[in-house]
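Here the protein sequences line up with chains A and B, keeping their order. When the letters of the first sequence are read in order and numbered with our numbering, they come out as residues 1 to 266. When the letters of the second sequence are read in order and numbered with our numbering, they come out as residues 1 to 338.
These are computed hints drawn from the structure, not numbers from a lab. Backbone N, C-alpha and C fix where the C-beta goes; we use that ideal spot for every residue, glycine too. Some clues are possibly wrong.
[Said to hold, decoys possible] Derived CB-CB ranges, DEER-like: (1) B:Arg5 to A:Gly188: 53 to 59 Å; (2) A:Arg114 to B:Leu155: 55 to 61 Å; (3) B:Asp227 to A:Ser112: 24 to 30 Å; (4) A:Arg58 to B:Thr323: 52 to 58 Å; (5) B:Ala331 to A:Glu117: 36 to 42 Å; (6) B:Leu115 to A:Arg113: 54 to 60 Å; (7) B:Leu45 to A:Gly141: 58 to 64 Å; (8) B:Leu8 to A:Arg114: 26 to 32 Å; (9) A:Arg186 to B:Leu93: 55 to 61 Å; (10) A:Ala217 to B:Val144: 52 to 58 Å; (11) B:Asn91 to A:Gly248: 35 to 41 Å; (12) A:Glu129 to B:Val15: 34 to 40 Å; (13) A:Gly141 to B:Leu243: 31 to 37 Å; (14) B:Gly51 to A:Arg114: 55 to 61 Å.
[Said to hold, decoys possible] To be clear about the criterion: a stretch of chain B counts as covered by chain A if any three or more of its residues have a C-beta under 8 Å from a C-beta of chain A, and this derived list gives those stretches: (15) 51-59; (16) 105-112; (17) 228-236.
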Amino acid sequence: MRLEARHLDFGYRGKRVGSDVSLSLEAGEVLCLLGPNGSGKTTLFKTLLGLLPAQGGRVLIDEVDLTMRARDEIARLVSYVPQAHAAFFPFTVEEVVLMGRTAHLGVFSSPSRRDREAALAAIARMRIEHLAGSIYTRISGGERQLTLIARALAQDAKIVVMDEPTANLDFGNQVRVLEHIQALARAGMGVLLSTHDPDHVFICADRVAMLHEGRLARLGAPAATVTPESLREIYGVEVAVVQVGVGGGVQRQVCVPRGPAAGGQN
Amino acid sequence: MSPARVTLAIAGSCVALAGLVLVAFSAGRFPVAAGDLASVLWAGLTGIEHGLDPTIETVVLKIRGPRVAAALLIGAALAAAGAAYQNMFRNPLVSPDILGVSAGAAVGAVLGIFLSLNVIMIQSLAFAFGLGAVALVYFTANAVRGHDPLLVLVLAGVVVGALLGACVALMKYLADPYNQLPAITFWLLGSIASTAPEDVWSTLPLMLLGLIPMWLLRWRINLLSLDDEEARALGVETGRIRLAAIAAATLMTSAAVAISGVIGWIGLVIPHFARMLVGPDFSRLLPTSVLLGAAFLLAVDTLARTVARIEIPLGVLTAFVGTPLFLWQLATARRGWQ
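Build out the structure end to end from the sequences listed, making use of the hints.
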């Protein structure tokens, strides 16, 4: 399966946020979107999901335009993990995950036992069985994020779009979420995620897209794309990208801010 | 929420409701013994002679029967509509009249009284204006783009409601202070004292027409409580489901308001009460709200006609009885709004 943006202009009526973005994502691949605050990451995601109409260009799933597909059909192909949010009602975690099955139900149907089993399987996959009966509004931000990912898994789509899945999480939960993302890709899912931390690109992404002022500034493999030059260009700060050993003979890049003194000499 | 607790809550509500119906039939200025009540009801069902004083039959079937049925129907309808709206608007302050249905119905009824029309015409006007007001709000909100659709709906409901309130105030000001004004005031207080059997029979299908789609859409209505974009990403055509839920709730509410006048409080508080008992899942919330709403209005109406020499207005008593009950539940409940 393939999700593709072709010369996509996105934004709201009367307010263009970004333009001429072309990128694609295959099942089994992790594509990470980097970009400063206000660069249009969330708006781009919402347009890719068909939640906002494209202002120009096209969004295609397997070569079929998004506008030609019904809402529940899109939901069976692409799932969405919004930023962990406050819910309005005290649903249990299991009920929230079960909502992921909606696209597989008829309009007048309620979830069957099989849907409940699918929801429980998704909960088990995220290893949050202990939370199944907890009230969603009373669990921590990290637990909510895992719940929303479980909901996307229950949705059983080949591609999942995650809007800053590591935002507002503590260090341990960030690492856990990134590990889950890698596991999803190994299981054959395509993952498109946005993040504020370029190190996350090196940990989990196969490719990276960098969004700057609504335009696609860079697109390619992490090592060749996330460089001091590109980070200076989109964030306006001086950063060194260095290799470190992370054990087992594996080397990985990390980004280190140079700080004012070093930056001044460069 | 454990299934056992839910079953217990629903079964308990059913038993309480059945008990209340018996009490409501027996109690009053003309007490009816349980045995007599049973024979009259049995006779009514089977057509066999009961051999009792015909006055008993008149009291049970002609006077109390329609009133009990109206209390059950209206309480159930207002609570169901309130439950759907609170889910949809994600707000505990939402009641069935948030989109102007009561204000519209009030304009219709007051206009009918002002023009000295008969009761049937007054009820029809109330029903039509209630539906019309919500349609106006809905289409106005739909015409406004570029904002959160829910926010626009609520705002449109509030401003249209205010306009309709001004219309009611104007007609009260112009009305004849000796004949029409008391009738208008009385209608706005809400009452089911003069419910006729025909009122019940004409209202019942409208209520079912609202309740059945609401029950069928119960899972989708759950998802309306999510953020609009999130629900759409999960595959819900939020616009269509919301329209269906609004249409169903409006039909039930305007049918209720048309025969009873404005009865507040129930649609606002009973769903909240039900949520504390069985949780937010609409497939449990809807039946629980229906049962509690029916039981509550029946209990209050029975009190309204028995506790004092004069009949206490229903709208007044619901608040007097309900508020302390609700505050007590709010203080002790484990869950509800977070």
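Structure-based check of each hint:
{"no.": "1", "hint": "B:Arg5 to A:Gly188: 53 to 59 Å", "in the structure": "violated (40 Å)"}
{"no.": "2", "hint": "A:Arg114 to B:Leu155: 55 to 61 Å", "in the structure": "violated (42 Å)"}
{"no.": "3", "hint": "B:Asp227 to A:Ser112: 24 to 30 Å", "in the structure": "holds (26 Å)"}
{"no.": "4", "hint": "A:Arg58 to B:Thr323: 52 to 58 Å", "in the structure": "holds (57 Å)"}
{"no.": "5", "hint": "B:Ala331 to A:Glu117: 36 to 42 Å", "in the structure": "holds (39 Å)"}
{"no.": "6", "hint": "B:Leu115 to A:Arg113: 54 to 60 Å", "in the structure": "holds (58 Å)"}
{"no.": "7", "hint": "B:Leu45 to A:Gly141: 58 to 64 Å", "in the structure": "holds (59 Å)"}
{"no.": "8", "hint": "B:Leu8 to A:Arg114: 26 to 32 Å", "in the structure": "holds (27 Å)"}
{"no.": "9", "hint": "A:Arg186 to B:Leu93: 55 to 61 Å", "in the structure": "violated (48 Å)"}
{"no.": "10", "hint": "A:Ala217 to B:Val144: 52 to 58 Å", "in the structure": "violated (36 Å)"}
{"no.": "11", "hint": "B:Asn91 to A:Gly248: 35 to 41 Å", "in the structure": "violated (53 Å)"}
{"no.": "12", "hint": "A:Glu129 to B:Val15: 34 to 40 Å", "in the structure": "holds (36 Å)"}
{"no.": "13", "hint": "A:Gly141 to B:Leu243: 31 to 37 Å", "in the structure": "holds (34 Å)"}
{"no.": "14", "hint": "B:Gly51 to A:Arg114: 55 to 61 Å", "in the structure": "holds (58 Å)"}
{"no.": "15", "hint": "51-59", "in the structure": "violated (count 0)"}
{"no.": "16", "hint": "105-112", "in the structure": "violated (count 0)"}
{"no.": "17", "hint": "228-236", "in the structure": "holds (count 7)"}
When each numbered hint is compared with the structure, violations occur for hints 1, 2, 9, 10, 11, 15 and 16.
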